Every structure is written in C-alpha cells, then in structure tokens.
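Student: In case you want the letters, here they are:
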Amino acid sequence: MLKHTKHIIFFILALFAIVSCADYLDTDKYFKDRMSVEKAFKQREYAENWLAHAYSFLQNENADVCNKNHSWHNFADDIYTGDWDELYKKFKNGEYDEGSLQASWSSCYKGIRQASEFINNIDINEEMTQEEITDYKGQARFVRAYFYWLLLRKYGPIPIIKNDDGMIDYTLPYSEIALPRNHYDDCVEYITSELVQAAKELLLDREALNIARPTRGAALSARAKVLLFAASPLANGNNDDYAALLVDDEGNRLLSEKYDEMKWAKAAAAAKDVMELGKYQLYVSHYRDFGNNDFPQTIAPPYHPDYSGRDWPNGWKNIDPFASYRALFNGELSASTNPELIFSRVQNGTGGESGGLQWMVVHMLPRAANGWNTIGVTQKQCDAYYMDDGSDVSGKDKEIGRGNGSDRSDGYVTAADVQAGRYKPLLEGTSLQYANREPRFYASVAYNGALWPLSAATQADHRNYRAWYYRGSPDGYSNNFYWLRTGIGCKKYVHPYDTYENNSLSQVRYKTEPAIRYAEILLIYAEALNELNESHQVPSWDGSKTHTISRDISEIKKGILPIRLRAGLPDYPSDVYANKDGFRKKLKRERQVELMAEGHRYYDLRRWKDAPVEEVLPVFGCNTLMTENQRDLFHTPVAVSSLPTTFSDKMWFWPISKSELKRNSRLTQNPGWQTYD
Amino acid sequence: MRKIYITFIVLFLSISSFAQQGAIEVEGIVTDANEEPLIGVNIVVKDIPGMGTVTDIDGKYKIRMEPYHRLVFSYVGFDNVEVLIKEDRRVDVQMKESASTSLDEIVVTGTGAQKKLTVTGAITNVEVDQLKVNPTSSLVNSLAGNVAGVYAMQTSGQPGKNISEFWIRGISTFGANKAAYVLVDGFPRDINDVNVEDVESFSVLKDASATAIYGDKGANGVVLITTKRGKAGKVDIQAKLETSYNSRTITPSVIDGNEYVKMVNEAKITRNQEPIYSDEEFEIISRNLDPDLYPNVNWNSVLLKAGASTHRASVNVNGGSSTARYYVSMSYINEKGMYKTDDQLEKDYDTNADYRVLNYRLNTDVNITKTSVLKVGVAGRLSKQNNAAMYDEAQIWHAILGTSPVYIPVMYSNGYVTASGLGERTNPWVQATQSGYSEHWVNNVQTNATWEQDLGFLTQGLNFTANIGYDLSNANWINRVKWPKQWRAERMRDANGQLIFQHIAGPAEMYQESTASGIKKEFAEVWLNYGRGFNEKHNVGTTLKWHIDSNERTDNVGSDIKEGIPNRHESFAGRLTYNYALRYFIDFNFGYTGSENFAKDHKWGFFPAFSLAWNVAEEKLVKEKLPWINMFKIRYSDGRVGNDDIGTRIPYLYTLAFNGSKGYNWGDFYFNKYYQSLYYSQIASTGITWEKAIKHDLGVDLALFSDKLLITADYFDESREGIYYTRNFLPGMVGLESNPKANVGKVNSNGFDGNFTFRQKIGEVNFTMRGNWTYSKNEIIDIDEENSIYPYQMQKGRRVDQVTGLVALGLFKDYDDIRNSPLQEFGTYQPGDIKYADVNGDGVINDGDITSIGATRKPNLIYGIGSSIQWRGLDLNVHFQGSGKSSFLINGPNVYAFNEGIWGNVFSDIAHSKRWVSADISGDETTEDTNAEYPRLSYGGNPNNYRASTFWLRDGRYLRLKTLEVGYTLPKTWLTETHLNSVRLFFIGTNLFTWAPFKMWDPELGSSTGEEYPISKILTLGVTINI
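Top line first, the protein sequences correspond to chains V and X.
Residues 1 to 677, numbered by the numbering used here, are exactly what the first sequence covers, in order.
Residues 678 to 1704, numbered by the numbering used here, are exactly what the second sequence covers, in order.
If you are wondering where the hints come from, they were derived from the structure by calculation, not from laboratory data.
Take the hints with a grain of salt, since some may be wrong.
Dumping the calculated SDA-like pairs for lysine to any residue here, alpha-carbon to alpha-carbon at most 20 Å [what the hints assert, rightly or not]:
hint	chain 1	residue 1	chain 2	residue 2
1	V	Lys662	X	Asp1459
2	X	Lys1473	V	Ser659
3	V	Lys42	X	Lys1473
4	X	Lys1239	V	Asp23
5	X	Lys1350	V	Ser175
6	V	Lys32	X	Asp1278
7	V	Lys32	X	Ala1276
8	V	Lys662	X	Tyr1469
9	X	Lys1239	V	Val37
10	V	Lys29	X	Asp1459
11	V	Lys29	X	Tyr1469
12	V	Lys200	V	Asn318
13	X	Lys1423	V	Asp23
Quick look at which bits of chain X chain V covers, simulated, 3 or more residues with Cβ under 8 Å [what the hints assert, rightly or not]:
hint	region
14	706-720
15	1599-1608
If you're wondering where the values come from, they're calculated on a predicted model, not measured in any experiment.
Every residue gets a Cβ at the ideal spot worked out from N, C-alpha and C, and that includes glycine.
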C-alpha cells in the first residue's frame, strides 16, 4: 500500500508540475509569421502597398477635377450638366441635404490615418535608403496635408488631429474622442506647416514611372493655394452674419473677423517660392505652317507691335496659342512631358462610371460620336472669353445687365468668308458671335456648328462632324437627356481623335488631371500681390531668404502676362493695373477663362464672396427651341429655365453629415444646416 | 477509436469473470416490515463481480455463491441489508423502509454531488423523468415550464431544427453569447448531443456562488448533466418503444380564392381604383371553371400533410459487479417532415424535412485497486437531416402562405410546371418537391476517462480525481439541386382556345454542392477534494480544481490564422465550505480562469463568490415548537462571474489585408507602377476581455409537513458590465476602416424564480402537484449608440431587444380628423387609415416619433404547473406551461394585406376581423368604424399603415397543455411466465391545447410573419420494458 501511495503522490505532484510549467494559453507562436505592422514597414514592397492605400483616397470623391457624381464642384456658373437632372437641380438649388455626397469626409480622414501610420513607422524600413525614407515620409505627409486641405475647402474649418502621432486613440470613450472644429487659420497653419515639412522631405523631380508622386514643387504649390484661400474675403476679415454663426462648440468664431493683409503677402510669397524653384514653365506648342482638321494650321493672333515679332516668352511669334492651351488638357501631353503640370492623380480615378476626365469627355461628345452631349457652357462663360485682340465681344453680358451698350453680332459665316479665309476657324453657317475670339475659346467652347474631328471613328462619315444645336438637329433639343440646355457645348479635354464609338472608352484618349498647374501658381501670385497696400517681409518656405512682397506692377505682370501671351492675347492697358479693383476684376475673369472646368470656379466664387451674385444670376444660353430656320432667334440669348440658379448662406460650405454630428458631440454644423433630430 | 476497443476489452473481462467454484446454494424469502414479500429485490455477493439475482413474485430468491461472503440486499426506498453467509443454506431477510427525506436529496453541483441540505447557492435539480416526456429529439424542449429559472422558446417545429433556445434567468447581455454553459460529464459539450434516456442528473446552476468556479464561463448560468453509469447487480435491461403522430398546434390559415377576389377588389375600389376582377371572372374562380387561367388553389393542402410520424426506440443495459460495472445504451429516432412529396420521386430520394438520429453510449467503471476507480465513457451521435435542396424552411413557408390562391395553378392541365416568382417566391410545390434534396449529416464521438483515487489512507476525507476527454465532431452537407422546366400561360387563349405558354425558367439537370465543418475538442481536469466532520458539529470541505479545454475547428477554417488555432481555456478553481451542525453554512468559491482569446494582460481573471445559509429548522426552538418544519433554509450569495464567449476570435489582434482594387498607380499613362493597398481590414481591439456579471441571490428552501410540501424561491439581481460590443459609432474623423470591439455596455436585470412540490398519499393514491415560475426584467444602462435629441429614441433605459415603433391612436374618422391632426410623413392617407401619436410634439409624425412600444419578443415570464396521480399500476401526469410578458410585431405579405400587390394572401383571422370599410362599399355607415381591428384596405403598398406601430403589436403570452401522460404498468403477476421485470404502456399528448390571445400562428415561434414550420402537436403511444 505504501508503495502505491508513493506512486500516487508522485503522480499528482507531476501533474500539477506540468500544469504550472506549460503556458497553455500562449498564442503568440501562432502569429509570428502572420502579416504584421512591423513586417509591413520593414519591407519596401509592403511599405509601398501601405502608402498606396493612403494615396488611394485621393481618387473619386476627392479628385480635384472630376465629372458629376462623386462631387459637383466642377459645375458652377461656368459649365453645367444636363443629364442627372434631378441631382443637378438639387445641387444648384441648394436642395441637397446633410446626407448628400458625404463620402469625402470619411475617406479623407481614412487617408489621414493611413498616412499618419506610415509616417510613424516608416523609419524602421530595412530596404530603403535614408533618402528614400525621407522622401516617402514626405509623400505621406503631403497626402495627409492634402486631405485636410480638401476637407477645409469643402466643409470649412474642420477638426485637426494634432496628436503627435496624428491619430485619434479609438479605444477612448466617445466623449474623449470628440473633437471640436479648429479655427480656419489654425487649419491653414497646420496644413501649410506640414506642407513645408513635406517640401523639405520630398524630391524635386519625378521620372515617368513615379510621376503621380508629389514633389517639392507640389507641396509648395498646394501651400500657395491654401494660403490664397486663407487670404481671401471668406476667411479673412469676414464680418457678415454668416460668419458670426459659424462657431465651434464653445461659441468661438471659426472665420477671422479681422482683416489681415499679411495673409495676402504670405500667399504671394508662397507662389513666389514655387516660381523660384525654376522647375516649371508654361507649356507652348510651336507655330504650325500647315495643318489639317485635327491639328490645324496656326491662326496667328492679330498683329501686335510688342508681341507679334517676338519669340516666346516675350511674344507669340513662334508659338501656336490654340494648340498650346488645348494640348494641356486633351491628352496630347502626358504628365511627364508637361512642364506646366505640378500635381495630378494621373492614372488614378480615371475609370468608374461618370467619375474621371475620360467620362467627362464622353458627356461632352456629340451624339454622332455616341457621346451624351450634356455638358455645356453658359452664355456668361462664353462671353468671358476675349476677342482675339484682347477686347470684349460685342454684346457681352447684355442680358444680365452688364453690357456696355453693344449688341451681339447677327451675321453668319458665308461660303465666301470661308473661301476668303475669314473668321478662322469658323465654318460656313456659324454665327459671327463666335468669330475672332481668343484661341482659348476655340479650344474650350463647342459653339453651334463647331467642328468635331472624331478622327478615331472607324467610319469616315462619322468623322469631321459639325454639331448643330438647333431644334431638329441630332444634337439639338430633344425630350431625352442628351441635349445642351444652352446650345453651347464644351470641348475642353476633348482630343480631335476622341469618339465614344461602340460605347467604348478605348477611343477616348487618357487625360491627365490638371490638379495643380503652373498657370494657377502665376495667377495666385498676381492675385495676391494686387491686394497689398504695404510692403511685407516674408521668409521663404525654407527660411533661406526673405521675400519683399508689395504691389509691384512688374511683379504682378510676372504672374499674369505669360498667361495672356501664351493665349495669344496682349497685355492689359496700363490703367488696368492702376487700381486694385480694376485689376481684380480682370484677374477673376482670367481665372474664369484659363481655369474653366478645372474645379476652381465653384470655390473661387465662394472665397471671393462673389457667389451670392454670380451663382444667382439666371443662366442664359441660345434659344434651343428654335430650329435652323429660326437661327437668328436661336442666337438671341434667353434665360434657360431648366438650369436653376440660387444661392443662400448655407451654401458657403458643404453641410456636415448628421451621423458625424451625432457621433462627435463637439462637432458643430455649418450655419443653415440641420444638426440632427 | 482505440479507446473504444480498450473499453470493450475491459467490459468483456469484467463480464467473463463469472467463474464459480466450491459454491453453495443459498435461498430464502425477502419481506418488508409487514411480512409482505418484496418483489425484485436486488441481491449481490459483495466484492464478487457479476454475482447477483433478484427476488421473484413471491419474494423468493436462490443464489449460488461461495461461503464466507456477504450478501447485499437492496431495494428502492429500503435500507440495504448485508448478511454474512457462512454455511447457512436458507436466509430470510426483513427489510426496513428507509427514512430518507428531502434532507438527503442529492444535488449535483460544480464541485460534485452534495446533499441538498448543505447547498447554499441557487441550484435547481431537475427531475429527469420530467424531461423524458417530450417526444422530440432534443431534451431542451422539455425545459420550458419545467425548470425554475430557465426560459425557453421553440422557434421552429421542423425535425432537427425543433430545438428550443434557452436562457437561465433571462437575458442579461446584448453583446456576447447569451446561452448557458453546458457541461456533460464535466466537459463543455452540446446539450443536444445527449440522449435523454442516458441522463442521470440534470442541474441548473444559477447564482454566482454556484458558478464562480467556472469563472469567465459562468455569467449566463451553467447546466450540469451527468450520464448514467452501471450499477453492480444483475443485468438490467430497459427498452422503450414509442411512436408518435405529429400534427400542428396552430396551422396558419389563409383565405380561399373567393374571399381573396372579394377582398382584393375592395382594396382597389376603396382607393378609387378599378377592381381587378370582373363579376364574370369571380364566377369562373368560385366555380373553378378554368383552373389554368383562373386557379383557386389551397396551397396549405397542396403542400402539407395532416401530420407526420415519429418513431423512437431506445434500449439500455446496465450491470456488473462491485469491481466492474457498465452502462450501454442505444437509441434511434426518426422524425418525419410534414410536407407532401412527389410520389414519383419519393422512391429515389427524400425531399421531405426528415430527421434521423442514432445515439449510443458506453460507460464503464472498473475498480483497479480498493481505493481507485477507472471510469471510461464513449458516446456518439449520428444524425442525418433531409430537406428540399434549394429552399429552406423560411422560403418554403413564405411561398406556401404568400402565394395567393388565384395566382397560379400548381401545374397546368397539360402537365407543364407553373412558374411563379424567383427565389422564395418560386412556385411552392416546386420549392418543396421539385428542386432536388439536401442531406446534412453530423457525426459526433465523445470519449472521456476518469481516475478516481481515494486518499483516505493519507487523511480521512481526501480524494483525488483526474479526467481527460476527447471529442470529435464532423458535419457534412450536400445539396443536390435540380430545377424543372417552368412555364407561364398568357392571360389569353389563342384562336383555338388553347393556352399560350411562355417558357420562363429551367430546366437545370441535377448538380451538387457541398460543405463540411469539423470540431476537435480536448479536455483535462484534476480535482483534489477534502471533506470531513469534526466533533459532529464542525464540517469542513475544500475542493481544488485545475481544468483545461481546447476547441479547434478542423475544416473550412478560412485563410486567417486566427480562425484555425485552438480556442483554449484554463482554470484553477476552488471551494471552501464550513457548516456548524448543519445549521450555519458559509461557502467560499472562486475561479481563476484564463482564455487564450484575450491579450496577455487580459487573459486571466479572478472570480470570487461567497454564500451564507441559515437552516432555521435546526434551531432548537423551532425543532421543539414547530416540528412540522423539516427544513427552513435561508440563503444569500454574492459574487462575480464572467462571460468570455464573445464569438470573435482573438479580437486584440489586428488583421492586415491587401486589396487589389484600392491601390494606386504612380506611373504615367502607359507606365505601370501599380501597388495594391495594404491596410487594416480589422483594427485591433486591445484590452478586450470577458463581460463581468455581479450577481446577488436571496433564496429560501422550505420542506414542511414531513416533506409533503417543498418550496424554493429566489430573488436575484445582476449587473452585467463591460458588455462586449462593436463600437459602431466612432466618428468618421477617427479614420478607421473597420469597427473595433470594446467592453462598453451595461445591463441590469432582476427577477425571481421558484418552485414548489406537494406530495400526498391517500390510501393507494399517490398525488403530486408541482409548479414553477421565472420572471425577470432587464434594463440597458449603457450601450454603444449615437446621440439623439429625443432620449426615448435611445436604447439606454430600454430592455434588451425591446420592440419599437409608432404609437397608433386608431383610425382616421374623416377628412376633418386628418386636417386637424399632425401631418404624417410616410405617404398619403385617408379616413380609415392609421393615425399616429406625435410623440415628440413637433407637429409632424415621422421616424422621430418612434419609441419603445412593447415588451421583448422573448418572454420575461415563464411558468409551469402540473400534477401526477398514481394508483396501483395507473399513472396520470398533466403539465401546463405558460409564458408571458412578451410582445412582437406582425408584418409580412399576409398581414399587410395586398401590400406587395399580387404577392401575398391574407390570414383568415385578419380577413374575418372587423376592418374599416367605406360606407360606399358596405352601404352601411357603421362599417366606418374607427375602432376596427384593421385599417382600410389598400393595394400595392401603403407606407402609412404598413409600418411598425402599436397597431400591429401583439401579445405573445400563451398557456398550453404541454403534456398529458397516461401510463399503465402491468401487474407483476401477469409477467411471471415471462422473463420481464416490468412493462409499462403509456400515452403522451404533447401541446394538445394552446390558449393564447394571438391566434394566427403559434405565439411561441416568435415569428413576425408566421412563415415558420409550425410547432407540433404530438400524440405518442409507447411501451417501456424492463428485463
């Protein structure tokens, strides 16, 4: 018995010993080889994957230049879309609600988190050089700052996550997660300082394989944009009732009441920082002696003593202004061969039903090319284009009460005119209202009777198509969606080869999104300088020097004149530069023309506080109910009732979604919108 | 498999040791105190395996044995008698009735069996016989109304799916699993794998003191089941044969074609629309003149049999000697579905909802030494469930009820199969019989081995037990699908009067699809027990336990490592008890338990509980003055337990995933530098741990009048904290792409439960009456939810899963009434439509006026009362079961009449109830009754009327005659010529009558549409034979 006892006791002790030794619940061993954050950042390939995800949120609803659907900001008082009637009307009437087009809020913040995670961890990478790590960190930082910028532009002041790691600790209780909106200037300060840091980290150049990654120039340019918005009247010295209502959870105003001229100086200096990089120049296409429908012979601007005889950049002698401007958008130039392009999503976000630029072109193409024939230009935009000599078109803005007393031309191009080479590039039967306009007009506006080469069409009779918008014409008024409400089409971004034959995108050339191009930087420089009364000392972005910034006309001309000359237009008369108001008017018009359909006008009208006027004026266009026999009536502008216009205070900024307000108890809604109920 | 062989060998050895030598023959007669002979007294020779006999009809016995051994006489209800046989050849024995009382009742607890008297926690010991009367394949169906503290709800009557859900003391969480922790023979196993005939004991542990040793598994209560084991003595064989006929408690009844046509026309006319059917068409339908184009089909009778049968057979054998004992059982159940099948196809395969189960069990105990016992158990269950291939129960019932009588014929007169809609709107006859068949097998094998070692030689009262277990379960599902060619006739005939057919769908020839799943479980456990009394006053006991279990999926585990690793638990637990003279008791229990599912610092938790009891009956004063009080024990317990069954594997780990469509291409056009994205497909939820429950229980156990009346009653309250939940409302600003989990919610609940038994013997009649009740109520204190400016729209303050909707004020009287009432924003409405209350007073009725309007779908009250009477061989057992404090919304195509246009029929109860009918139609002003039960009819959708509101809220309470059992045990004298010991014939009626305010379908189903396989009403005939 005793022997047994010993055995038994030994056995029991052994059992308990086994129990206490083995760590039965240890699971770490199973997960050692699993994908981990550490692995993701140590290896180059995975790090690229991580970063790609952060970039991916730049697409679709967060694109700068895009067609309808994801965002509507490309459609202000300049262009419109005719299909998606109900949605477009809701958008224009301010009948959208707190739930409309809200994807960008969460996708921007997702991108911010993904980028922050990257910045926090990439230092452990074992396969990149220190220089690469720095550049990659700069990319993530740029992307993160850019998301904040997109939010700021759309929603106004937003909550900035200023923790060291740039991320909200999601394990905290909701009450501690809640963050209030930051002041507009706080947002700008955060974004621009991040962009400066990114500029220090980023490379200056990218080859074709990496062209969609930001460069130092992109960071500095984005900074100039942000500073321009901060200096503009909406955010700088805004004392109106609306501004008083835009407050955080403690009642603090979020837009500066006090006007600060220094903000303009900073914007100008920021633009100058970009200019002084010496990296970018306006793109020009060379003078063409002969041509065809696709690439016509150069139509030289009317003789000008200063510019006709001089080569670019001092004149336009050796360039083709029409081709120079057109090639920027229609896919002729690739991102890597475009010296003017500063930042673009390039290949990303181009697909997707109705989303990208190819799709926008499909919506512009006439019915003969199987296009939707729905995106067009308003009379106001049409009139904004100068005559080829820099004067205004006759009858400009007459209907909206801004005319100079002149009337619109009432003649038409005759066969004899064409024979004689008059009114190029107009063809027979075209209204003379469209004659002798500046080259950018012909690159952008598809007037009644304009020629669409559609050269990639397989059948000859589908090419070189003239689209007429008279009632009864294939592209005229109809009872479906596919007609142009103003009888004026748009062909910016349309390549002469483009056609939507067989409902296939394969014959629509790839277009590079012009998110930021150098022309915009020049315009920022001119606009900001014009607003100054005093001289300011502003340190350059990296502190290496100090810019002296003042309203120096020769400096202003550095901003605006190249844009004019490239377009074959002469400089303004000197009195335009004499006072701020006069030049401001010209500058706004220059932005309206040069940057048309690039996603600027909607936000420009708001930052200038022009929206209450410009967005409310009725949209005029040709009288689309008229047939070809009634062509005089057709070309007599009428108000287009199916294109609504309105503006109310709530439309300054996009509403914040109710669900976000419910979840973040410190968040405040933009004035005019419902919190939740 | 090897374990099974070993078990058989052990068993064989124990049986074959019958060898006898030098024996003498002993005979005699066994009587009771009144000198009446006792029949069937068990007689064994002590310590000799396999030697035994029983007394015959005259109380006589005869046994061959070796001299100088002891004979042990045992008989139920009598004290054992031991006699040393020297050389006597005749030994007459008189046995005394045992004086065992309720005080000696044994209760199985988490730390072993103990006397009920000494129990200080809230534990219900279930009478196993009460569980056996339910003739379905699952023993949980008999829990409702039989066990104090247990809620149960049967949500389907389909064979194989007719398994009640049950909860102990209600639902106290909205996050993790709500189900009780079930242990079979000490290890976590599925309660439905146990054959009810094998159950030896069934106890329900309810409070913290009883469940603390299970630590983070104990919060939802614990069910302990032990299975039968062999008893030394003569081979005892029990056989039971039953056959049942299942019909339905309530068959949802819908209107016929004539009524349908009248109602649908009314629905159109009352809304100023053209009626659908002309008078001529009505004639054709009502006289059934053109069944092809104007069918009038009773789908219930096309698809449903009046009833179906169940056959059940079970047999168990037990016996052995004092050194080796065995219990072997086998049972087979065949439950038939109640769908009609295609006679042609029936020969080839089975489309009906049939269910077959085979259970077996082998429990062997071997005394290896004088102080150690080895117990080995093997059990298994093989089941096979048949079904129609493409459609499940819900879809078939959707079609049976929703296909209107005039919609399509079952088949056209030329034999073409009629096409209806798609999916669940497919021709119901095609769904149930023509779409092929599916088979679902589940095979389980469960094994365990136990070594019990008495260490009394070290110190008295010390013993040691070690258990190991290993279970395997595999499920296979194969679906053989086909699809007949289906046609639809145009509404017009051609010039020759022939039908014009359009081919709509099919055919698809038979193909198959399959899936499988598997689970492997391993267990081990070690116990050390010590219990002893000192000086007849001080009784102490301690228990220490170490337990591990592992549960691993073996098939279809997916690509995430998290899902495939074994789910493991480990625990150390213990108990300290002390009582003073069975009068004052104090218990301390604890569990220190760990789960591998949580992060390092959150794996282990300590769960203490204590309980106190005072048995007032043992006080001198009471003993003297109130001797009729046999037991009067007041109990109180307080402790904390947890619930780690959160359903998510390794929530503290994040998952990184690649996404090929969310990447970015950095190259220029015509260059490729695309990188797919890498991101958190699931963010880590660090710090996740079990839910915590703090439980209190105050109870009383009473035994009065010599145990004639037994009462137990408990009040309990619980606070469940850190409820595991997904954080669904993080602001977008946080930037997450998946929602993290957290321990965020809190629910308080309280209630009471109890039971009583009253026994009386009047002459030869034994009368027993028993009842039990459970009531509980909970309130959400905290839950993950968004802000709302109307507090009543928040879940905080509501019950878990409380019904919400609008408050209906009746029907609109006239247009003035409409004009003078707040605007209802759901759609147009007229007099006779539902009028709602403006709950928030903002002048409009919209979603902001939705509030909590009823109780919960699951009952908050459940009770049972029953009685048994026994007279000689006759026994009668009646059991009523009821449930209450529940409510549910009704909706669906047959409730919302014509809401979906051509799809849907109307429940008869709705059609025949009073509804608002315009005087223009009825010609009678009084039919415009604003208090009518149903609103003005409408066709093709009525968003104003047909939405969740008190108008469609129904009370779920019911009372049913759950069991009526009549049995007759044949008199022993009839069996003398046979080898049978006893034979009992019985009849059981189950769910014979149901009383409920809600009549459209069985309210226990909890269905909102009635589209469920109905609960069965069962008539069973059976026989039990004991050899």
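Student: Take the hints in turn and mark each one as holding or not.
Tutor: Evaluation of the provided hints:
Taking the CA atoms of Lys662(V) and Asp1459(X), the gap is about 17 Å. The hint holds against a cut of 20 Å. At most 20 Å may separate the alpha-carbon atoms for a hinted pair to count; Lys1473(X) and Ser659(V) meet this at roughly 18 Å. With a C-alpha separation of about 46 Å, the suggested pairing of Lys42(V) with Lys1473(X) is violated against the 20 Å cut-off. For the suggested pair Lys1239(X) and Asp23(V), the alpha carbons sit about 18 Å apart, so the restraint of at most 20 Å is met.
At roughly 43 Å between alpha-carbon atoms, Lys1350(X) and Ser175(V) are farther apart than 20 Å, so this suggested pair is violated. Between Lys32(V) and Asp1278(X) the CA atoms are separated by roughly 19 Å; this keeps the pair inside 20 Å, and the hint holds. Using a Cα cut-off of 20 Å, the hinted pair Lys32(V) and Ala1276(X) holds, with the two alpha carbons roughly 15 Å apart. The hinted pair formed by Lys662(V) and Tyr1469(X) meets the criterion: a straight-line CA distance of about 15 Å does not exceed 20 Å.
Distance hint between Lys1239(X) and Val37(V) is fulfilled; the C-alpha atoms sit about 16 Å from each other, no more than 20 Å. Only pairs whose Cα atoms come within 20 Å are accepted, and Lys29(V) paired with Asp1459(X) is rejected, the gap being roughly 37 Å. As the CA atoms of Lys29(V) and Tyr1469(X) are separated by approximately 49 Å, the hinted pair breaks the 20 Å bound. Straight-line distance between C-alpha atoms of Lys200(V) and Asn318(V) comes to about 38 Å, which puts the hinted pair past the 20 Å bound.
Restraint check: the Cα-Cα separation between Lys1423(X) and Asp23(V) comes to about 32 Å, which exceeds 20 Å; the hinted pair is violated. Judged by the Cβ-Cβ criterion of 8 Å, the region 706-720 of chain X is not covered by chain V as claimed, because only 0 of its residues qualify and three are needed. Counting residues of the region 1599-1608 of chain X whose CB lies closer than 8 Å to any CB of chain V gives 0, so the stated coverage by that chain is violated, three being the minimum.
Hint check: violations occur at hints 3, 5, 10, 11, 12, 13, 14 and 15; the rest are consistent with the structure.
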